[in-house]
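Spelled out, the chains give:
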Amino acid sequence: MARTQDNDTVAVLRAQILRLERRSGVLAHDAARLACGATEIDTHLCGGLEQGTTHEVMGRGADTSLGYYPTRWIATILSRTTGPVAWIYTGCLNLLAEGLFQAGLSPDRLICLHAAPDRVLSMTEDILRETGLAAVVTDFDRSPGLTASRRLRLAAEGSGQTAFLLRRASRMDDTALLHPTASSTRWRVGPAPYPAGSAPVAFRPGRPRMRVELLRHRGGRAGEWIVETEHAPDHLAVVSSLADRPVAPTWIAPPASLPAAGDARP
Amino acid sequence: MIAAVDRAAMAAGISPGAPLAHAQALVPDLAVAPADRDGDAQALSRLAEWCLWCAPLTSATDPDGIWIDATGCAHLHGGETSMLTTLLERLSGMGLTVRGAMADTPGCAWALAHAGGQAAEVIPEHGQAAALDPLPVAALRLDAVIVKGLLQLGLEHSRQLRTAPRAPLVRRFGPDLMRRLDQALGLLPEPIRPVLPRDAVQDRRSFLEPVSTADAIATVIGVLVETVCMELVKRGEGARQADLLCERVDGSVQAVRIGTASPVCDPDHMGRLLRARIETIEPGFGIEAMQLIVRQSERRAARQVTGMPADMSPQETGDAELLDRLGNRAALDGVPVRMARAESHMPERRQVMMPATPCMKSTDWSCQWPRPARLFDPPEPVVMIRQDAVGVPLQVVWRGHAYGIVACDGPERVHGEWWHDASEYGRIRNYWIAAEKGGLQFWLFQSVRCAGTPDAASPWFLHGLF
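Chains as they are written, first to last, in the working numbering: chain A, 19 to 284; chain B, 2 to 467.
Simulated from the structure, these hints should not be mistaken for lab results. The structure displayed is predicted, hence computed values, not measured ones. The beta carbon of each residue, even a glycine, is placed where N, CA and C say it ideally should be. One thing to keep in mind: the hints can contain errors.
A few chain A residues that face chain B, going by a derived Cβ cut-off under 7 Å, partial list only [unchecked claim]:
no. : residue
1   : Thr89
2   : Pro125
3   : Ala133
4   : Ala134
5   : Asp144
6   : Pro223
7   : Arg227
Make the full structure from the sequences, and use the hints.
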């Protein structure tokens, strides 16, 4: 027993030294993980998203400039954490509290901070050096570039905070979003297409589904999944681990007793 | 030399700055009283104290002005325009000749009050540049020498100054010129030194040798904070806003302002907030005195230090300190905000942004119906191309792209709130969740005029995505 404790102490001290030396490559192996709730994705990520580093999330298609799906994905990931979340934004804040709650992130945990567009990255870096936050989400539409993203990552490693960069661009599917940065992972989230051959207005929209692409994964493989969420916190399931594989037909079958959409009108 | 004239004298052609002999030559029986600068300054500061009824921060400014920081006070007097007119009416009622202006920056307000066209003017938010442009350069509170130099160069109006290349002007006139311009435009902060209540908690230390290193400043902050917090504890109060004034050798003052989310009398915490801002202090040739003043304090609930559990849990204290650390960031625009529940049926009105306080109650955010995580603000108009016989959307055009709807659910009916806006009377929104082939789920609504059946001409809007 005593021996195990000794070993633990040594391990903790080693981790501390590594942290001081900021050798992220080695550190990544032992870092705390943030499980996102779907077993397939967590296994792929060796237990979840790495904490104490930066992650990028971006939208696809028309959502590139809006960030609806990325917001939902970040809220889903953060649903398994506790503690305040700093949400740094530029422009106007169009988050809907009830929708966030349904996506898994309680609005009570949010502390929203407005930053001028040219100071958003320096403020993120500044706040990443804080302690006591569950995560820092930066919602912005500029390209951080290698230097700035490296600074963010160093700040995150130094304090052990996790940052999510919700990246938007005014142009649809802007290639500038794919330029290299120092973030640990890069996610692209968008809607998952309905399977071909479904009858028009025969069923209800069902649960929202997302196609989640892991475009970049430092020290790991990329991946792609289709996940299904519920309009209630803490519900996430992988429907298909490949985007082009036909989806199991069970999820769309409407109960026979359910009235068609038109009948629901008062 | 004439210092000031009254209206009758001005009508006779006498202006301030003219030699007394010249004035007496114009009006032989001129009534002359020697100028009493100290008396004027005292009267002005008394007037500044009198102005405390309209805002908590007022300051007398040489030679004839009073600054009132109306941040967060205007709504108490029925808006900015109404506040300004009320104030000016009361001052005129006291027999004073007054001009007033309200703007984002003290510099801009000063310029308009002294050189503007109207006796009372309110400049809209971020309207400084437009308001300053037509004014003469003298309105920027510049030295007479600089004004004369600018006039010789042909720079008469602020607009010319604003658009002129800066470097040659700075080289010629010194940094003061551009500093004043930037302060008036709001590019540089300009702290005002408010009238101090007689019983304000404060401490001031002057040094034998000027200090200029960060370490030395941090040490002094430690000493000041210790004394101030001891006094606060004695009074049972905590600071909500405090100013650290650093008086430099060259006579200028560097100010650092910190605000807190809850009353603070913990020296460690206050010291940490102040020390985080040391880098914003420019010591120049050295600081010869530092002063810490508590501008705003609030009563603290008494707390038992040991024994029974305190009334604020450690988590709440941590939360308050975190908020303070976040709120005092230099890059932050405004204050940290949180979402709070508002009673309404309209989705966009069901939440309000409130300045974050440490002890927020946990709110029930659950909603019976699905809601998107973000909203289009304002809702985006879409074109409904096809609907079936009962009004179910079948094809919609959004941002120039047609989407075929394969599944939908609705309508969820929301009635307009006429108590907010008369135009909403009788308006109904029918919300639909509509999924297209690509998997996008639209949150659409049709805005219908009256309780009758929705007709095809009623406009459709997109309010969110799932």
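**Study point:** Hint check against the structure, violated hint numbers in rising order
**Key:** The structure conflicts with no hint, since it agrees with every one listed earlier.
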